[in-house]
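Chains as they are written, first to last, in the working numbering: chain X, 18 to 234; chain B, 18 to 234; chain D, 18 to 234; chain E, 18 to 234; chain S, 18 to 234; chain U, 18 to 234; chain R, 18 to 234; chain C, 18 to 234.
Hints may contain errors.
Output of the computed footprint for chain R on chain C, the stretches with three or more beta carbons under 8 Å from beta carbons of chain R [to be verified]:
| # | region |
| --- | --- |
| 1 | 61-70 |
| 2 | 181-192 |
Below, a list of computed lysine-lysine pairs in the DSS-like style, where the Cα atoms sit at most 25 Å apart [unchecked claim]:
| # | chain 1 | residue 1 | chain 2 | residue 2 |
| --- | --- | --- | --- | --- |
| 3 | S | Lys96 | S | Lys55 |
| 4 | X | Lys72 | C | Lys72 |
| 5 | C | Lys233 | C | Lys159 |
| 6 | D | Lys159 | E | Lys151 |
Treat the hints as calculated values from the structure; they're not laboratory data.
Built from N, CA and C at the ideal position, the CB exists for glycine as well.
There are 8 protein chains.
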Amino acid sequence: MNDLHARLDLQRRERLGMVEAVWGEHKTTEQIVEVLKKLEVAGELALVTRVAPEKAEELKSSFEMAEFHSQARCITVGKPAELKPSLGEVVVLTGGMSDLVVASEAELALRWHGVKVELLLDVGVAGLHRLLHKLERLKRTKVLIACAGMEGALPTVLAGLVPQPVIGVPVSVGYGVSALGRTALEGMLASCAPGLVVVNIDNGYGAAMAALRILKA
Amino acid sequence: MNDLHARLDLQRRERLGMVEAVWGEHKTTEQIVEVLKKLEVAGELALVTRVAPEKAEELKSSFEMAEFHSQARCITVGKPAELKPSLGEVVVLTGGMSDLVVASEAELALRWHGVKVELLLDVGVAGLHRLLHKLERLKRTKVLIACAGMEGALPTVLAGLVPQPVIGVPVSVGYGVSALGRTALEGMLASCAPGLVVVNIDNGYGAAMAALRILKA
Amino acid sequence: MNDLHARLDLQRRERLGMVEAVWGEHKTTEQIVEVLKKLEVAGELALVTRVAPEKAEELKSSFEMAEFHSQARCITVGKPAELKPSLGEVVVLTGGMSDLVVASEAELALRWHGVKVELLLDVGVAGLHRLLHKLERLKRTKVLIACAGMEGALPTVLAGLVPQPVIGVPVSVGYGVSALGRTALEGMLASCAPGLVVVNIDNGYGAAMAALRILKA
Amino acid sequence: MNDLHARLDLQRRERLGMVEAVWGEHKTTEQIVEVLKKLEVAGELALVTRVAPEKAEELKSSFEMAEFHSQARCITVGKPAELKPSLGEVVVLTGGMSDLVVASEAELALRWHGVKVELLLDVGVAGLHRLLHKLERLKRTKVLIACAGMEGALPTVLAGLVPQPVIGVPVSVGYGVSALGRTALEGMLASCAPGLVVVNIDNGYGAAMAALRILKA
Amino acid sequence: MNDLHARLDLQRRERLGMVEAVWGEHKTTEQIVEVLKKLEVAGELALVTRVAPEKAEELKSSFEMAEFHSQARCITVGKPAELKPSLGEVVVLTGGMSDLVVASEAELALRWHGVKVELLLDVGVAGLHRLLHKLERLKRTKVLIACAGMEGALPTVLAGLVPQPVIGVPVSVGYGVSALGRTALEGMLASCAPGLVVVNIDNGYGAAMAALRILKA
Amino acid sequence: MNDLHARLDLQRRERLGMVEAVWGEHKTTEQIVEVLKKLEVAGELALVTRVAPEKAEELKSSFEMAEFHSQARCITVGKPAELKPSLGEVVVLTGGMSDLVVASEAELALRWHGVKVELLLDVGVAGLHRLLHKLERLKRTKVLIACAGMEGALPTVLAGLVPQPVIGVPVSVGYGVSALGRTALEGMLASCAPGLVVVNIDNGYGAAMAALRILKA
Amino acid sequence: MNDLHARLDLQRRERLGMVEAVWGEHKTTEQIVEVLKKLEVAGELALVTRVAPEKAEELKSSFEMAEFHSQARCITVGKPAELKPSLGEVVVLTGGMSDLVVASEAELALRWHGVKVELLLDVGVAGLHRLLHKLERLKRTKVLIACAGMEGALPTVLAGLVPQPVIGVPVSVGYGVSALGRTALEGMLASCAPGLVVVNIDNGYGAAMAALRILKA
Amino acid sequence: MNDLHARLDLQRRERLGMVEAVWGEHKTTEQIVEVLKKLEVAGELALVTRVAPEKAEELKSSFEMAEFHSQARCITVGKPAELKPSLGEVVVLTGGMSDLVVASEAELALRWHGVKVELLLDVGVAGLHRLLHKLERLKRTKVLIACAGMEGALPTVLAGLVPQPVIGVPVSVGYGVSALGRTALEGMLASCAPGLVVVNIDNGYGAAMAALRILKA
């Protein structure tokens, strides 16, 4: 009587040009498998984000087409879209090594939509020369995604140096006042650099979809 | 001995392609006039944001080239840049009438950089038909800026309906839990719509500069 | 000397027309069993909410009349009240699959009091067509309970579309700013839709009892 | 070119059965007058909430049909709907004298929709006998709206005593931890009384519309 | 070279009349044993609060004179002080069963100082009759300690009914807005009942020492 | 029809032994005068707290028996109760000059109930010798009320030095993190000194009533 | 009977080597004059911080030896200490013009203690070249005080570039999430630059005294 | 193609005079080993902070030159720098035993840079005599680091007693309002003692680097 099954938004690809993504964190393995099977039947690609390694093991044993990307904590089903160089390139930067999971989620999500994307790690503002040395390279990119935890100053400094769209992604690393990513988030929102935009803490996937919207605009 | 005078970032136009903007709220009239005079000498346009009507009166009396835009609470000096239709068009939407000041700040800042821009007011989600009736029009726009206070759901609903870049601007109208714009801000960051980006509360100027970065990307 | 035993509010059914409910989360298995035995002696039904699966196993082994409803994380003792169709029907909606536990708690609590109730899952506002397709069905319901995490916009959109009582239940799913359900809660409280009421985060049982009060009013 | 005029939701009365209400606090006098004139042309009643006395004076001088209700800080245009006794009665309670403005807003909004409504002031829980003396009267009411600031315990105590729908309205009176109404709000949400529902701080109008939805359900 | 050993405040008993208490939660078993041995050498009683059952087992195996009080999560060494009836009696009340640990900590700490003390459980305000039935008994007590989680209204209602000192202890039970005891704490601080005093969340020991100060005043 | 008049709790003096106190901040002059007249008719004393000087002027002109105590921002009607030396003495301490209003409110409220009370100003912990010089005097007092803003350490240091009841009153002076008194409040609650109790920010009256309850216990 | 007069900490100069400073914001003009007269009698210098211009006027008319420094919002009495070049030099930097008041308070406080100090304004990180151009100059300074509002990234970038002590002073300029200086404060505390220390929001005086402690160490 | 390897800031020692430190908490064992190997190749010392014992075991088994300091939860590689007595001495104080981990991190980091450093434990303000007895010793130190949890009053009291630089380190021990170290942090920032500086919660390493900057200034 009750309709307890997942109501997929299969029009999303048509309406927004995006692959159906499943947020894996608060779902049971059974719920995720059910969704993936429906997507497979519908001939859709799938991207499942925020999957812990243990859950990934369970998923792969019940649905063997699932592929786990451990660095990005994501599951995919199907092959990534063909590369579309005409869309332009995205660079994903991180302040430190601890931001790698979030940056990898963004990188994978873009690659899955056929976008050329590069990762540039460990260019935090406490050692500014590391960023300044890459500046000419960065000025040739179409969109920049900057992931940073702690005080989150990287996107601010970056957006003061280059004219392109910069998307800040606060990362929940740190301790004390920075433990949950709030400080990085608010630092990016309060930024004195004009035109910096921000997504939710740890939301690599969201930053990737924002970049995709921009590349297609 | 001390160098107390404003250190203008006159390279900003060259570096970022943006007019020098002065944040007027916490500066004295004297400080603003000093900056405007320097910009005039340098042959630069100027945009002063967040100017209360009383301060605007004072400013105009000491610096008569200043023009006050009361709806946007902004002062400009000089003429806006020539319209560049090739950049594409921006629409600035609001949930209610009370979001008008913020939306007007965004609209003025874009117009001042030569961007074609239109305002669309009062399309909040409590009366959804008002937004749905405009959907075809909105799908033909290059970038959307959605200003909303209270629960701030407009950008979420919009970004679920159209594939373009959507920039959410939380507005500090409301009372109780929504009094300072925090709830609208966090609702936009937590949005279930993929790829929505956000700027600081009431930051119409920042949303405009983000749109400009996108249009030029 | 000290009176350490549970002081049941056995007059609750008479005073408020509600089954004695036990909040299971912060109680030991021993405390819950003691309460259930007293209720059994008194000839009362019992509903224990927020019971983790492990605790449920322990409970069932010490008190075999206990029945565990895993989807709702609830224990019941005794049979549900007879269905009273004259009270009218309630629909419990969710924005996503991750809201299922909370919605099921509400559904179970209503069914246990003899109320006709239906679940409608996955009608979140990022894919608005899913909700709009069900609108005529929803307009024929007496009370609506809308469960949503993240930005929590579903109850706002719903209350702008239908004239019935809408009870919003914020759900603690999400991450970053939405991790604990605060953003959904405050978004519902700040809602621009007139007459939306709200209960505590994850409080499916409370929403059900509010609906029951309304049905009996 | 830009469409800067208020986009009224004139279908609201038809869709939701509610009079168009205008939130007066963050609007200019000119904006409110424009809306009121449109409503007059459309033959609609109007209720403007959160109007300071000074703004009310200005409004009445530009739009003489406006009537100011000083105790509720509201402006109305037109006559209230005819009393519909069949809907049932609402009682609006307050913990203290300082909650009067909020309670009066609720009372006026209900009266304007033809609902029988009574105010009962100063029955806070620090002198419990005042509430207990009125209990039999309250049990004969269809819906109760309880306004309270400070610790906000009144709705909790009330909902433990009577079986009807109780709508809690936190009020922003108090100082220190209770200054902005947050403590009262969270106390009502955290309430140990089953089925209490809550609206935003100071939202007397919202509580009234919730009561109206219930009366019509 | 460094002096890493615990610097006991052995003058505390003389200065404040209180047994040396050790806060056990963030200390290692080794640190606690070291302190207890020093106290034993000094001929002092000891009370260790907030000891998890596992740590208690370890402690008892390395220091066999330690006695664990599981309901209060406390370790004691030595016998309690002789009962001093002339000090007067304290009653410790709780709103619900889940407040038992905190109330027991208060009760144990008082008993250890020779104070006559009684526990009265489950008299929360959602079923007010349970408290009203005990009123005459409570009026004969010298000091009242009221422990409550969720909205924390019990101390407010109590302090409105009796003239004695009432010490409110907020308890970290609940979920959503009440999860960490903040709402109960702030509700007690914001209380409309005159002269209610409050201690930190879950601080049963602190409430007991406050009562002891009062009894000796 | 509606009963809009103040419902005085005239049994308070009998029930709790306290003078009826009126919280003046959020009440209009008319509301306060109405209450004072009723109290006068009933032959009761009255104490109105938190009255700004301007409102005090208005009050005195409509109700000439009102006496304004400017340092405490309070209005009284009638003479204070006769001094009852047997109750014992209270000392009210402050960390700095800026805490004077709150300390004076406490001192006045106690004096009005016949309690012997003394003020001791400017003994903050940044110049510890000022407090240590008064220690012998303080040890002869029955109850201590310590008012402090900023980091609020005075009650902690005091409660570590003397065995009597110490009531901490956080004061909303300071700036930045201490602006609203929150930091002082939480510092007092988190205190490492055993048995310190706390009232709401700026609540001098509440501290006085707590002291009165203790003196009478 | 009560000792209501200011208890000056006249030993502070001897104990800490600091001039007696009076925090002017929450004191009445009368209280400040009383203190200044006592200090004059004692032959002490005085520095009064956070004095609004109107209050400064009043002060100067009752105590004509007072000198007002409008840019720093401070009053001084007496001449500054003789310059002690051997202590070394301090530079006070600001991110923007709006930080001038706070920076000037620091500069004045240092100058009053005989410290050589220089102001360097408008070197915020959104235009990084302005800071990099001054780097050699800054490396020759003994202590750096960096004042910044909004996201507060200046001290982080600075402390990554130079080895000296850097004291961050968050400034309460900005709007939305940065309105009260919290974001700048937490960004400085969460900084990825090692060894950055922080004082309270707007606390220019405190930063100066920290620098003085360092210079004398 | 992507450059996923750690980008060490090997110029840090030259630029800032500090050993490369690795924040170990959010890094995998593999990431840390990779960094340590690079540092070894570069001939650099290394200090890894915030390493849990389990991770330390793993690290030592893959990189046997790693030495684990369990009390400070740190890993070091290489020998500490030679002692430089001319820099002057630092004392690290704690309020209680539970602050030991944080104090030890500070002590180790200083020792590793060749600084003479001493630990002084358990001198919290609730038993003030313990601190006062050490005062003469403390006055002979060059820099003081004071670690404290709960209300965090130790650095305030200390900075009121001695003229040297005092660095406050809030510690995340406590429960209720002090659970996460926020209260200690804000108490130190709001301190009434002039010139106290603060670092992030639990940031012993940061305090040590601040002390190092001061010693070298």
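The hints, checked one at a time:
Only when three residues or more bring their CB closer than 8 Å to a CB of chain R does the claim for the region 61-70 of chain C stand; here the count is 0, and the claim is violated. Only residues whose C-beta sits within less than 8 Å of a C-beta in chain R count toward coverage, and the region 181-192 of chain C has 4 of them, enough to reach three; the restraint holds. Taking the CA atoms of Lys96/S and Lys55/S, the gap is near 17 Å; set against the 25 Å cutoff, the hint holds. Only pairs whose Cα atoms come within 25 Å are accepted, and Lys72/X paired with Lys72/C is accepted, the gap being roughly 22 Å.
A distance of roughly 11 Å separates the Cα atoms of Lys233/C and Lys159/C; the hinted pair therefore holds under the 25 Å criterion. Only pairs whose Cα atoms come within 25 Å are accepted, and Lys159/D paired with Lys151/E is rejected, the gap being roughly 30 Å.
In terms of the numbered hints stated before, the structure departs from hints 1 and 6, listed from lowest to highest.
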